[in-house]
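Assemble the whole structure, with the sequences as input and the hints as a guide.
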Amino acid sequence: MRPGSTSAACAALLRRDLLLVWRRRGDALTPLLFATIVVALFPLAIGAQVQELRPIAVGVIFVATLLAGLLALDTLFRGDYEDGSLEQLVVSPHPLALLLACKIAVHWLTTALPLIALSPLLGELLFLDPALRGLLPLALLLTTPLLSLIGAVCVALTVGMQRSGMLLALLVLPLYVPVLIFGAGACNAAQMGLPYLAPLLWLAAGLVLALVLAPLACAAALRISTS
Amino acid sequence: MNTLTYWFHKLGSPPTFHRIATRVEPWCLALALALGAIGLYGGFVLAPRDYQQGDAYRIIFVHVPCAWMGLFAYAFMAVNAFIALVWRIKLNEVLAMASAPVGAAFTFVTLVTGSLWGKPMWGTWWTWDARLTSELFLLFLYFGVIGLHNAIEDRRQAARAASFLALVGVVNLPIVHFSVNWWNTLHQGSTVRLFGPSKIDASMLWPLLLMALATHIWFFASVLARARAGLIELDAGKDWVRKLAQDDAS
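Same order as they appear, the protein sequences are chains A and B.
Okay, so the first sequence: first residue is 1 according to the numbering used here, each after it adds one.
Okay, so the second sequence: first residue is 228 according to the numbering used here, each after it adds one.
Calculated directly from the structure, the hints in this document are not laboratory data.
We treat Cβ as the ideally placed atom computed from N, Cα and C, and that holds for glycine.
One or more hints might be untrue.
[As the list claims (entries may be wrong)] Pulled a few chain B residues facing chain A out of the computed Cβ check, cut under 10 Å:
id: 1; residue: L368
id: 2; residue: G374
id: 3; residue: R387
id: 4; residue: A389
id: 5; residue: I402
[As the list claims (entries may be wrong)] Computed Cβ-Cβ distance ranges for the label pairs, DEER-style:
id: 6; chain 1: B; residue 1: N229; chain 2: A; residue 2: L67; range: 34 to 44 Å
id: 7; chain 1: A; residue 1: R16; chain 2: B; residue 2: L440; range: 54 to 64 Å
id: 8; chain 1: A; residue 1: A40; chain 2: B; residue 2: D282; range: 50 to 60 Å
[Stated by the list, open to error] Partial selection, computed: residues in chain A whose CB lies under 8 Å from chain B:
id: 9; residue: V153
id: 10; residue: F182
id: 11; residue: L216
id: 12; residue: A217
Shown next as structure tokens:
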């Protein structure tokens with residue numbers, strides 16, 4: 001890898017972002033704690049019986065994951081915006097979309113992947129149907145990158161704002177609807193013994209599309225909000 | 228430069244647009260009110276009762292035109308947003324942002340009248356049916372665009388960011404519609420079709436189309452009014468606005 005080439009820039013960015021997360025390991029745990037607490041609130045609110053919790057387990061885990069991801073989205077560009085390195089990315093000679101894709105990848109690795117690893121535990125808390133133990137992490141593995149990619153476009157639009165939390169939720173959640181429907185739909189279909197492959201394939205198709213288009217849209221949005 | 232491009236450029240300049248809009252707007256409003264009054268009279272009084280739904284079906288004369296307008300306003304906003312982002316024309320930024328609240332209002336009316344219609348027909352105010360759900364998320368998309376536009380201080384940057392969000396919504400809307408359709412469907416099918424015969428009697432069709440025309444004209448009147456206010460706000464320091472204010476004061 002020649003210094004100054006685009007691949008070197010991406011590698012440096014990946015290394016820097018991962019190092020930053022590692023230096024503040026405690027912060028990386030907050031989405032996990034948040035999702036666990038949200039899931040733990042449901043038995044308290046609607047009763048602790050297996051027959052009450054099992055039908056809603058998938059939905060609750062998906063919504064908890066989605067909300068945890070939403071809270072974590074805010075950190076995607078905030079630090080970089082405040083110390084000015086985001087503007088350096090925008091003016092750098094390398095393709096902005098590629099650099100942003102690296103940032104989104106690190107963000108997904110550090111916020112969503114731990115949640116997927118935690119999902120069997122969350123499933124046990126809600127007496128998840130044993131037949132879904134394998135399918136739920138797989139469905140989350142397809143949905144969470146989509147959530148990160150779509151969310152990144154909206155975060156890029158709100159990047160300069162002081163208090164963007166609630167507004168971000170308003171922008172992002174309507175866009176998450178199809179992802180949620182297909183992700184949770186696949187698990188619910190499997191729970192009822194119906195074929196569940198089609199929604200998973202739709203998710204995979206959406207993920208391929210978003211992998212290509214979302215970084216480009218994210219770059220365009222960032223150019224608007226930092227201009 | 229030929230006449231057409233000349234007029235196009237001229238219309239894009241805020242003072243000219245403001246002058247024309249000021250002249251056109253009252254006519255639009257009056258025409259919309261007149262057509263709407265005829266349409267409502269035709270729908271509520273002249274049109275025959277439905278053999279199955281009785282008089283309750285008459286809310287279709289408000290519900291369906293508003294539902295069309297909710298989508299039409301989004302399309303209008305998206306086209307203007309696209310022009311605003313690509314060619315950076317100030318007028319189109321203003322027009323896109325002016326159509327968002329109007330479209331949101333039409334969508335809201337659609338949801339309310341639909342819920343009023345659903346109570347006697349389906350026995351419930353709300354069901355998680357595909358069309359209802361996608362209409363609800365259309366409303367949320369409108370709110371997102373309006374919220375983003377209000378949250379950014381620099382007006383032109385706010386308009387550009389909100390325009391971008393509107394375009395993202397265009398990509399998303401068909402996907403939302405498709406996914407909720409796959410998820411759940413109860414709503415009755417389309418009654419009026421652009422191609423092929425409509426499943427509605429002519430005595431019921433003409434008030435419906437008249438109402439659709441009235442809501443379209445009303446939409447343009449409303450957007451023109453909002454765009455005029457938006458242009459004056461945006462160009463507050465410019466000479467033409469000062470002249471306008473002085474003419475108004477004297």
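Now the hints, each set against the structure:
With 10 Å as the threshold, the beta carbon of B:L368 comes within range of chain A, its nearest partner Cβ sitting at about 5 Å, so the hint holds. Residue-level restraint check for B:G374 holds (minimum Cβ-Cβ distance to chain A is 5 Å; threshold 10 Å). Satisfaction of the interface hint for B:R387 is found here, the shortest Cβ-Cβ separation to chain A being roughly 5 Å, below the 10 Å cut-off. Interface restraint check: B:A389 against chain A, minimum CB-CB distance 8 Å, threshold 10 Å, status holds.
With a least beta-carbon distance of about 5 Å to chain A, the hint placing B:I402 at the interface is held under the 10 Å criterion. Remark: the range hint 34 to 44 Å for B:N229 to A:L67 is contradicted by a beta-carbon distance near 56 Å. A beta carbon spacing of about 59 Å between A:R16 and B:L440 agrees with the range 54 to 64 Å that was offered as a hint. Against the hinted window of 50 to 60 Å, the Cβ-Cβ separation of A:A40 and B:D282 comes to about 52 Å, which satisfies the hint.
Interface hint at A:V153: satisfied, since its Cβ lies 6 Å from the closest Cβ of chain B, which is below the 8 Å cut-off. For A:F182, the suggested interface contact is upheld, since its CB lies about 6 Å from the closest CB of chain B, less than 8 Å. The criterion of a C-beta within 8 Å of any C-beta in chain B is not met by A:L216, whose closest approach is roughly 12 Å, and the hint is violated. Satisfaction of the interface hint for A:A217 is found here, the shortest Cβ-Cβ separation to chain B being roughly 7 Å, below the 8 Å cut-off.
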